[in-house]
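Just need the whole structure built from these sequences, with the hints factored in.
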Amino acid sequence: MSVPISWYLLLSAVLFAIGAIGALTRRNGISIFLSIELMLNAANLTLVAYARQWNQHTGQIIVFFVMAVAAAEAAVGLALFIAVFRQRRTIDVNRMNLLQG
Amino acid sequence: METLIFVIFAALAVGSGVVVVVHRSPIYATLSLVLTLFSMAVLFVLLGAPFVGAVQILVYAGAIVVLFLFVIMLLNVQQEEGAHARRSAQLVAAILGAIVFLGMFWLAFRQTTLRAPGPLTEELVSLKGLASALFTDYLLPFEIVGLLLLVAVIGATVAARRPGAETNAPQDDYVAEDPSSGPVLPREVRS
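Protein chains in written order, with my numbering: chain A, 1 to 101; chain B, 102 to 292.
A portion of the hints provided could be inaccurate.
[Claimed, not checked] List time: in silico SDA-like cross-link candidates among lysine to any residue, alpha-carbon distance up to 25 Å: (1) B:K229 x A:F64; (2) B:K229 x A:T58; (3) B:K229 x B:M205; (4) B:K229 x A:N97.
[What the hints assert, rightly or not] Output of the computed footprint for chain B on chain A, the stretches with three or more beta carbons under 8 Å from beta carbons of chain B: (5) 2-10; (6) 16-27; (7) 33-40; (8) 49-60; (9) 70-77.
[What the hints assert, rightly or not] Going by beta-carbon spacing under 8 Å, a handful of chain A positions derived as facing chain B: (10) A13; (11) I30; (12) L45; (13) V63; (14) F64; (15) F65; (16) M67; (17) L80; (18) F81; (19) I82; (20) A83; (21) F85; (22) R86; (23) I91.
Derived from the structure by calculation, the hints contain no laboratory data. For glycine and all other residues, C-beta sits at the position ideal for the given N, C-alpha and C.
This is the structure:
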């Protein structure tokens, strides 16, 4: 194993930070979702890296569950955006201020 | 050799990840996310998890991203008007992201005694070991995830339904039997 595990952890941290910055700065709802997917993938990379470190399956199995949850989240979230777009003709999250958020 | 592959695909993942975040067009951002997912699948294979890499390409790049593309084309999302939030909010977000990054960096390197992992075992890489763990120790979470997906399908169908679609309830059909109401028309014409 020529590549140390800590390199993977560092890469995962970088990707997570990129996704977090995107989720906080974008206003388009779809772009925010894409940034969240990026963060989920960074977490998956950490799980697989530690599964390799300890030669255990548990990390890989949790990655499956994370992927299933990500699929459910994407389906429900995109359906919500479709519903919002029908009402307001926009998915700019700054204009979704019905609750004065 | 392994280090070279890691560096190439790590750089590809970070570069396309940056494009996902900064590109103004959602279509290009989504297609760039496919590139990120693909290079991360390569890293999964490098870590001795080939099945996770395959699932990553099939499920993530094949299904979830296509769902994103469908919705983007359905909504006809144009480029954002004034793509980014106000400068101050952007600055705060960037600082927060940097703090998250530094915290995770510190967590990763705090344990300097993270020793080199043992050689790849057949049991870790093979699909057999993974499946036997998934269907014995993790059977209950597996079934709960199945239930979650069912709920998500139902919820997405209900949420994306056209408002007013429930007025097509079956009992409304009997209204047309009234002889004084003239010729029977389809519901859409009458209303």
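Going through the hints against the structure:
1. B:K229 x A:F64: Cα-Cα ~15 Å, so holds.
2. B:K229 x A:T58: holds (14 Å)
3. B:K229 x B:M205: violated (33 Å)
4. B:K229 x A:N97: With a Cα-Cα distance of about 51 Å, the restraint between K229 (chain B) and N97 (chain A) is violated, given a limit of 25 Å.
5. 2-10: holds (count 9)
6. 16-27: holds (count 11)
7. 33-40: holds (count 5)
8. 49-60: Since 10 is at least three, the answer is holds.
9. 70-77: Answer holds; 7 residues pass the 8 Å Cβ test.
10. A13: holds (4 Å)
11. I30: holds (5 Å)
12. L45: holds (6 Å)
13. V63: Holds, because the Cβ-Cβ distance from V63 (chain A) to chain B comes to roughly 5 Å (cut-off 8 Å).
14. F64: holds (7 Å)
15. F65: holds (6 Å)
16. M67: holds (6 Å)
17. L80: holds (5 Å)
18. F81: holds (7 Å)
19. I82: holds (5 Å)
20. A83: With a minimum Cβ separation of about 5 Å from chain B (threshold 8 Å), the hint on A83 (chain A) holds.
21. F85: holds (5 Å)
22. R86: This interface hint holds because 7 Å falls under the 8 Å limit.
23. I91: holds (7 Å)
Checked against the numbered hints above, the structure violates hints 3, 4; every other hint is satisfied.
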